[in-house]
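Sequences and hints are given; from them, build the entire structure.
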Amino acid sequence: MGILLNIIYLIATVTFVVGLKMLGHPETAKKGNLIAAAGMGLAIIGTVLVHDLEVSPLIYMLIAAAILVGSIIGWLIAIKVEMTKMPELVSLFNGFGGASAALIGLVEYGKNVNDATQATTIVSGIIIGAITFSGSLIAWGKLNGTLKSVVRIPYYNSINNIVVIGIVIFAAFMVATGVDSQLLLYGLLATGLVYGILFVLPIGGADMPVVISLLNSLTGIAAAITGILYNNMVMLVGGILVGSAGIILTVAMCKAMNRTLGSVIFGAFGATAAAAG
Amino acid sequence: MNEFLEFIDNNLQITYILILAIFVGVEVIKSIPAVLHTPLMSGANALSGVVIVGAILVMLHADPTDYVALSLGFIAVVLGVLNVVGGFAVTDRMLQMFKRKK
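Chains as they are written, first to last, in my numbering: chain W, 1 to 277; chain L, 278 to 379.
The hints are simulated quantities; they were obtained by calculation from the structure and are not laboratory data. C-beta atoms are modelled at their ideal positions from N, C-alpha and C, and glycine is treated no differently. Any given hint might turn out to be false.
What the hints assert, rightly or not - Computed footprint of chain W on chain L, listed as stretches where at least three residues anywhere in the stretch have a Cβ under 8 Å from a Cβ of chain W:
id, stretch
1, 294 to 301
2, 311 to 318
3, 321 to 333
4, 338 to 344
5, 350 to 358
6, 367 to 373
As structure tokens, then:
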């Protein structure tokens, strides 16, 4: 069984690389997307069916129900949305991926708390997943007009730095002490969510595609981290591919807009904004 | 620091794969025409939905009486599938639009 699943993951990984490559050329892009999608389908079906675990029928039914519900809703939203609303939809979907990574971390933390390496991967997965989730939701809100385009927060830099340092210390404390507290775990999730909001809120609506691309790259990294946790190659390679390709794409998008990544992320506030504006 | 080096030593294979995959990602994306930026972002977003595999593993390993793990896993699977199916479907529609423009 193990061999079959490994071969399935290997094929899926190859489709990811080939699909991503084909997506970069106008003539092959559509086909590349379908190839990657087929590989993903294979990986999902393989994960559900090919294993030696004893799984109760109830869990199989729950998994099937979850996949069915997610597929139907995802498909309906994707085919119904107007063409102009697609970037914000990408952001929303990306946020869901980040949330999924964070939820996996929440479940796995308690089981792996005594292993510092595993705890580190889990804690990073929760933080990055939470940041991409809330950040993507803010980006989504900005693009569809729910949120004001540019929000100025007083003392933004100081608040931002405090939150970042806070998250790092918090995470390091949890890994170092190996404390198994659900309260602290959800607290960590909350700080990640807060940082995601802080990160995207001051950035203008016109720069949102760049931010979405960056958050997308982060979701890839969260997926790869989860891959390390499970020693799962398709997640690791798929996630890292998205992570590194996403960063290159983000920089390319900035260049196309005649901006630098730094000016997009940090230009929205402080002295730079005053000088530019 | 020691633990970090130890981790690398214990997971040498994974570390190699990780580094090589970073290079593959960079090489694959080099010199993309600007019109394809958004579809490519969308396609990459669908790929990041591979985290669904982890969500399914959570469910498979969960104790049938552990309702917290089951519900969190269930939501994670739903969200992951949304990311995957919605992501690929939206990319496909974007590329259709792109074709017509040509």
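We went through each hint and held it up to the structure:
no., hint, in the structure
1, 294 to 301, "holds (count 6)"
2, 311 to 318, "holds (count 8)"
3, 321 to 333, "holds (count 13)"
4, 338 to 344, "holds (count 3)"
5, 350 to 358, "holds (count 9)"
6, 367 to 373, "holds (count 7)"
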